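All chains, full assembly: derive it from the sequences and hints.
Protein chains in written order, with my numbering: chain A, 1 to 396; chain B, 1001 to 1396; chain C, 2001 to 2379; chain D, 3001 to 3379.
None of these hints come from the bench; they were simulated from the model. Any given hint could turn out to be false.
[To be verified] With a straight-line cut-off of 20 Å between C-alpha atoms, the simulated SDA-like cross-links for lysine to any residue are:
#, chain 1, residue 1, chain 2, residue 2
1, A, Lys204, C, Asp2345
2, A, Lys204, C, Thr2344
3, B, Lys1286, A, Arg292
4, B, Lys1305, C, Val2004
5, B, Lys1286, C, Ser2365
All values reported here derive from a predicted model rather than from experimental measurement.
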Amino acid sequence: MSDLDVFREEVRAWLVENCPPSMRTPMGNDEDVVWGGRKANYKNPEAKLWLDRMGAKGWTAPTWPKEYGGGGLSKEEASVLGQELGRINARPALASFGLWMLGPVLLEYATDEQLKEHLPPIVRGEIRWCQGYSEPGAGSDLAGLQTRAVLEGDEYVINGQKVWTSYADKADAIFCLVRTDTSTKHEGISFLLIDMDQAGVTTKPIKLISGNSPFCETFLDDARTPARNLIGRLNGGWEIAKKLLQHERTNISAGGFGAGGRSAALEEVAKEYLGAEGGKIADAVKRDEVVRHKMLERAFAQTLKRMSAESKAGEVSPASSIIKYVAAEMNKDRMELLVEIMGLQALGWSGDYFSAEGLATTRGMLRSKANSIEGGTTEVNLNVIAKRVLGLRDHQ
Amino acid sequence: MSDLDVFREEVRAWLVENCPPSMRTPMGNDEDVVWGGRKANYKNPEAKLWLDRMGAKGWTAPTWPKEYGGGGLSKEEASVLGQELGRINARPALASFGLWMLGPVLLEYATDEQLKEHLPPIVRGEIRWCQGYSEPGAGSDLAGLQTRAVLEGDEYVINGQKVWTSYADKADAIFCLVRTDTSTKHEGISFLLIDMDQAGVTTKPIKLISGNSPFCETFLDDARTPARNLIGRLNGGWEIAKKLLQHERTNISAGGFGAGGRSAALEEVAKEYLGAEGGKIADAVKRDEVVRHKMLERAFAQTLKRMSAESKAGEVSPASSIIKYVAAEMNKDRMELLVEIMGLQALGWSGDYFSAEGLATTRGMLRSKANSIEGGTTEVNLNVIAKRVLGLRDHQ
Amino acid sequence: MGLVLDEEQTILKDSAKAFFAEQAPVTAFRKLRDSNDETGFSRDLWSAMAEMGWAGIIIPEEFGGLDFGFQGLTLVLEEQGRNLTASPLVSTVLLGAGALLEAGTEAQKNALLPMIAAGELLMTVAIDEDHHFDPANTALAAKADGDGYVLTGEKTFVLDGHVADKIIVLARTSGEKGDRKGLTLFLIDGTAGGVTRERLDMLDSRNAARIKLDQVKVSSEAVMGPIDGGYDALSKVLDRAMIGLSAEMLGGAAAVFEMTLEYLKERRQFGQLIGSFQSLQHRAADMFTQLELSKSVVMTAATAMDEGSNEIASLASLAKAFVSETSNQVTREGIQMHGGIGMTDEHDVGLYLKRSRVAEHTFGSAGYHRDRYARLNDY
Amino acid sequence: MGLVLDEEQTILKDSAKAFFAEQAPVTAFRKLRDSNDETGFSRDLWSAMAEMGWAGIIIPEEFGGLDFGFQGLTLVLEEQGRNLTASPLVSTVLLGAGALLEAGTEAQKNALLPMIAAGELLMTVAIDEDHHFDPANTALAAKADGDGYVLTGEKTFVLDGHVADKIIVLARTSGEKGDRKGLTLFLIDGTAGGVTRERLDMLDSRNAARIKLDQVKVSSEAVMGPIDGGYDALSKVLDRAMIGLSAEMLGGAAAVFEMTLEYLKERRQFGQLIGSFQSLQHRAADMFTQLELSKSVVMTAATAMDEGSNEIASLASLAKAFVSETSNQVTREGIQMHGGIGMTDEHDVGLYLKRSRVAEHTFGSAGYHRDRYARLNDY
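See the structure below:
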């Protein structure tokens, strides 16, 4: 038996022992997602148990080094772990911007001291991070940000406003791009970690057209953070930002977008709402649109697989812009197509008359409009492909 | 009886008398078009007779002043003439860039002397004009033209190369944009008339992907023209060029594009090549595409009508860019759709196996690709709409 | 006239523009939405609109109307769409008055048209029973009973159905669901015994209701138009409704385009106005082009209605299909070009998108109308 | 392997790239076209390709082949497509060898596969009878006659049909035109008595023929695969052909994209490189994206073929439909972005467009394959 097989046996045995029964059932809705953090509220105590056990093993971050609380697994072992979790339909123990976004950047840019301070709480889900990037005046033009950080003694004092900070109202801390030099654009940006449990940080949820408020405005008024929370070089934040954006694009896209109706297969919904004749979707024109979409989804999945096979482990590349571009437009089209298929049933806002599936489609269609805006607009992604991949230049 | 009714009676009587029988039959193909000029070759003597009679009345240019050979008709009278010609399915007596393009510009910019010299031969079809605009280095960027004209005594000496000159190999004379000042771009262009019957002017047909050669390269090597053939102001040619381009866009679009398959209705072709079930095109997906196209064609026709109703007589506006943009893309889509519908029958190049309709579709599809390039590319038209109609600006 | 407005029409359009901008701008609709008002529109506003003559704009003078013509109504609808104004113009005038003019008996016309023109009567037509528009798919049964009928069944997506004083119900008097024959129109009271009404909470916060009819008895005088021939009668009413709604959608799309164009001219990114980026310029130019085409199809269809053209049905489907696609494109682009701010509930563009999606599906989607257009033209 | 080339495959791809660039670039195809050569390809070139092992690349070693795998063949086809090379690779290897491997008797395999591998035998399959691809629409009749059959009917669009030494004919042994049952494959000589062949002058100047069979007698040994079960046998052959042709189209589209990208980087208008105009940048970025997706579908389908996946049919239709759309988009944009020069016969981009349109319709258009994909997946 190979080492990997041995490992697999161990994992399997551990899971039998440690994955609580309710954690092996499909998630009902967004509320079942475990984000951890100081303010976490576990309706299901088994969710907490599952997080604690996985966190203790470091398996929420399987490939991170053991010394920082991670699982210390090889890429192959992590893959085995993923397969075994999938085999029993285990729910993710932890959803976390700390795991997906901040951690990888810290591992590349932080000092040993910083890693020891910040990674273990992320792994155990003891802290919930959010990301402070966009500002009201700087959307796609991220580097135009104005939030100022000034060093006073051994603390940075931060003033400014962030916007589109996901779940900032539920987060404990924020990783932030701030301006530390106003005389230059890209080279005057630094990357700071800021605790949000202070008077200088306030948040205000933004209500979206979908009726939800996953994003906030975050106000920094004389907020303070110790100087040791500067990650990487002073004024070296833009490089980190670009890396993070690629992580974000890849994560957003691979994870699928937003809410609503992802579970039911498009063709089954079409058969139900448009009728079927001889096993075929009765509306031949819509059927063709469904096939087009299914084909694109499949081509996209194959491309994700191919790009992942081509890339070196952990590397992110301009290909992330291709992925993000396709994923965003594809999901928007999917939701519009679902609305077309479901008709009136997907045009309701609330009420018993409309099916849960219908309401989720309506809201999901609305939410999906942000897919091509958040984490890099479609326009910015096309710019990146044109310039960084194809080598086309700006006007001279 | 109103004056117009009297006029209508007169026209009707004149047509009975003067329109030869063969000129009241549908045209068979492009060869039946009468372009006139010194090199004209009339296979059908009645075509020549019809041209001579119409030319003598000035009715090839019904609204041009009588003193310049035109018909001197009011807009209303010209409209009556058009209706009566249509009523007997009369063929156009003359097709002519002189009538469509040069004449209107001369009427606006030329001196009385120039008008007396140039308009009458155009009206009578005694001269065939072509247009010398594009150059190899300057496509969409028309004003980048390099063909030089230098005044020597009372003659301009012209050196340079024009390209995409329609039917230059069959034309007697060329109206040309030339550079008369190299120190500036738009303000260094003049508008010159040049006789092509001289050693300094040679033409070379360009073979297109469709196999036809409607365009030429035209070489000007020490070509000469009298100084009196300058139209408008020295270095004032760009204003004339813009007017002419609008005329061209409107003419191209209103006249429909290129060759191939325009006659048969799309839906009938679809029924024939895809089959019909219960009177419907059997392929429901293609049927939807046919309807989309038919709807667009109808919306376009209605828009032409509306814009013509809105515009002052004879005025051309940036709306010409909208018209040109839609007409070009619509015709390209139509031809691609026809190929899709006809399948193999529209994939032949020559030979008896393929129907004439099929071959015309193949060639027409290829020819149509130029629609969005000739007379202002789609990109240029979109720029014009964005800037001149919508008021959007360039980067500052 | 037709494709260019004449003087009277221009005056009407200008006064409609001023009226809605003053009395019923988007802020008014937003307030209405946020108040969760069950009526779903302002009765005061409707009275004011009636005073302007618009409730009776297509009603002949003999019935107290303005007899201004259908084109005039589309001009008002366009301005209403531009401001997202909630009013019973579609339900009461396009559908209700339209149906009376098309299929009403003299008695029905005499009784109801003057009340509509005065803004005193709300009407609607109940058609849909399913999640896709298709009048032939009517199952709601009307059984002969003495010299009257008994109606039983359920309707959905009835515009202003929960507040309408009179409801014209499309019911099956013979044949089976799916048949075009065997349908009949009945005029019933909104508050008749056996009628239950429930307002649906729609995406666009506009009025639509689910209506249940349980053994609703009506006399033979309730019949509108020919028995078993209701489909054809209704089709003519619907042509009017499709064109009118297209005009409303055109107004909404034009408003979104204008606010987007403004934004392109004021928002800066990367040190430049975003409207100076060529890819956005080209997309804006294309939107403008589609709007110009849409304007033509709406004006042509409205003119044809006034002229009694025999192509009205085709032109109505052309308008509904074409403007729906344009509205979809413009609202999508409107959100995208506004970026994050367009995603917020606070910004108006989302309200237009919501209205657009519902309107696209009202009286048949673009796909439905392409099929209908092809059928009408024999292919 | 699969989605990333292994070392052997990389070597193969590189050598194919070098081979076609040297021995069969676009200029060679242009010369062939302008010579109006009736053979329609270069026999010398085909011998050279056979020497490279490509004629036998999917043929098992026992039959004299290279047994390199189907993926290898798609790599060669991609490079062939990139250079517009005319060769019998599709007809003889994808179709001919494919059909022998799928449905040939041992005797047929033993006799023919080695000759194919050696480049000494040209083969093809005759399927189409109409202007749209649909094997079930076969009417060409095979009537039992003693212990053999008599074939009568007409085929069209037979790739390399006028030069093929052996032709596999899809014929009807029972049932009616439109039925999938009742079809049988027959192997006949290209020069058999009763066979008339005529080369069609196609848009892409590549080989396709019309073939008439007038009372062509064959023995029972000419039967390939099950009697009346030819549709299923052929379907498997066609899956291979669809994937292979998709690879060729991908190569052509990639070539057009590359030459267009070059042009964007060198052509100036308005004092700027045209590739610096954002609308062209975005369209170029989208094309590149579609090409990346196309590459994935071709590689996935080719891998599935080698692995004997039970999803091959779906993946083949996915590849053909998806790459056809991409090829259409890229060739259209290629011409438009080149402007006038792209319209001239002198420029290569038009040649690619012509090839693309014919290839799109070979073995079923994108629309055909979307329908097939949905059928295969039960919706």
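Hint-by-hint comparison with the structure:
1. A/Lys204 - C/Asp2345: 14 Å, holds
2. A/Lys204 - C/Thr2344: Measuring from Cα to Cα gives roughly 13 Å; hence the hint holds.
3. B/Lys1286 - A/Arg292: 14 Å, holds
4. B/Lys1305 - C/Val2004: 10 Å, holds
5. B/Lys1286 - C/Ser2365: Holds. B/Lys1286 to C/Ser2365 sits at ~18 Å (cutoff 20 Å).
Violated hints: none; the structure is consistent with every hint.
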